[in-house]
Amino acid sequence: QQPVQSPQAVILREGEDAVINCSSSKALYSVHWYRQKHGEAPVFLMILLKGGEQKGHDKISASFNEKKQQSSLYLTASQLSYSGTYFCGPMDSNYQLIWGAGTKLIIKP
Amino acid sequence: NAGVTQTPKFQVLKTGQSMTLQCAQDMNHNSMYWYRQDPGMGLRLIYYSASEGTTDKGEVPNGYNVSRLNKREFSLRLESAAPSQTSVYFCASSVSRDRAQYFGPGTRLTVL
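Residue numbers (my numbering), protein chains in the order written: chain A, 78 to 186; chain B, 59 to 170.
Calculated pairs, DSSO-like style, for lysine-lysine (alpha carbon to alpha carbon, straight line, at most 27 Å):
#	chain 1	residue 1	chain 2	residue 2
1	B	Lys115	A	Lys103
2	B	Lys115	B	Lys67
3	A	Lys103	A	Lys144
4	A	Lys114	A	Lys136
5	A	Lys181	B	Lys67
6	A	Lys181	A	Lys114
7	A	Lys114	B	Lys67
8	A	Lys103	A	Lys181
9	A	Lys185	A	Lys136
The hints are simulated quantities; they were obtained by calculation from the structure and are not laboratory data.
Kindly produce the complete structure, drawing on both the sequences and the hints.
Here's what the structure looks like:
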C-alpha cells in the first residue's frame, strides 16, 4: 500500500518553514526521502533508520517514529532552491521501498 | 564519474514495436532498479536486480523484461509496446537494497 503524504502541495515565501508528513500502514525498517525538480530525476536527501532517528541536511531535517509508522521532513528558512516535489519512501523489512505520491513545494521570492 | 547513464533520452514508438532501454552505472553498486513515472505521480518499480545474476519483479512488471548483463549494466525491454506504457522511465542503483538510490536522467517514451 502506498504511503500517505501530506500536504499534497504547499506554497511558501522564501524564508518560511514547512513540514511534510509521511504515514505508512506497514511496519517499517527505514524511510527514504528524495527531492525531484521538474523534468529531472529524483535526488536522494536522507535515510532514517529505526530508533526515532533524526537526520539533517543543511536546513532540511527529518524524524522517524517507527511505532507510529510515520516520518516527517522539516524545511527551515526555505530557499528558492528547495522548490520541487518531495517523495517519501518507506522501506519494510523485505527492503521493498514503496514511494509516496509526493508533496509539491513551491517557494516564492 | 558519470554516475548512472541511460539511453536513449527520448523515444517514440508505434503500438506493437519493441525496444530496449539501456542503463549503466560506474559506482560499483550491487543493486539496480527500473521505475516508471507517469505525469503527476510517484515512482513505480518495474523490476529490480538485488545483485549481479538476479532479477525480481516489482510492482508493475507486466509487458516488460529485464537483463542484468553484468554488474554495471541493467537493460529493460518492451517486447510489444502499448500506449499505456507511455511514461518516463528511470534507472537507479544503490550499494545494497537498503541504501540510497541514485538515478539516471530518465528516458521519455511515447507509444502512439
